[in-house]
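**Q** Please construct the entire structure, taking both the sequences and the accompanying hints into account.
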Amino acid sequence: MTCPSLLRRTAVGGVRAGGFDDVVAPTWVRERSSAVRERLHQDDAGAQFARFVVVGGVSSALYALVFIGLQGLGAQPANLAGAIASTLLANEMHRRLTFHAGGRVSWFTAQWEGGGLAGIGLVATSLALAGLHTLTGDVGAVVQLGLIAAVTGAIGLVRFVALRSWVFSPAPRD
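With positions in the sequence shown counted from 1, the corresponding number in our numbering is that position plus 62.
Hints are computed from structural coordinates only; laboratory data are not their basis.
All of these numbers come straight from a predicted model, not from anything done at the bench.
Beta carbons: idealized from backbone N, C-alpha and C, even for Gly.
Be aware that a few hints might be false.
Restraint-style ranges between C-beta atoms, simulated for each label pair [stated by the list, open to error]:
no.: 1; residue 1: G181; residue 2: V201; range: 17 to 27 angstroms
no.: 2; residue 1: Q104; residue 2: I130; range: 28 to 38 angstroms
no.: 3; residue 1: G202; residue 2: R158; range: 16 to 26 angstroms
no.: 4; residue 1: L102; residue 2: G193; range: 36 to 46 angstroms
**A** See below:
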């Protein structure tokens, strides 16, 4: 709060001064969310995988926006542009957030090695889109995005293991 008079308010009816937090989020909700945040800040595989999934969701949303926005150019160019934009974002978020490797892995290394792994995903989604168009003809963006999500999800599991054990590994490299 920026108003000095509000900072000096006293508790009224059991709600502390500025007690909006207590009204919006009861104590048990704040305690539980605090425990979840604490768990997600750890560096074991489970916490890293949870952060990996969140980053995947954010970068997939960016992919979908670019893909839909560029549909007029065709599915393959839209797929390429979406893959590039979402990969750049995801690699940086994985470097900083998922694997807490910002201090030990450079931006370029993350983009080069993580991007190389993402290239496998681009090839797989491109082949899947080509196969879909060959089998069914022209389909809508929602069907294409569903196919891409399924292929990307499967590849994502392999990508997580590779990023964790190779690109962002805390072990020193030769």
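**Q** Next step is simple, just say for each hint if it's right about the structure.
**A** Consistency of the hints with the structure:
Hint check: G181 to V201, Cβ distance near 25 angstroms, so the stated range 17 to 27 angstroms holds. In this structure the supplied range 28 to 38 angstroms holds for Q104 paired with I130, their Cβ-Cβ distance being about 36 angstroms. In this structure the supplied range 16 to 26 angstroms is violated for G202 paired with R158, their Cβ-Cβ distance being about 35 angstroms. Between L102 and G193 the Cβ separation comes to about 37 angstroms, which falls inside the hinted range of 36 to 46 angstroms.
Of the numbered hints given earlier, the model fails hint 3 alone.
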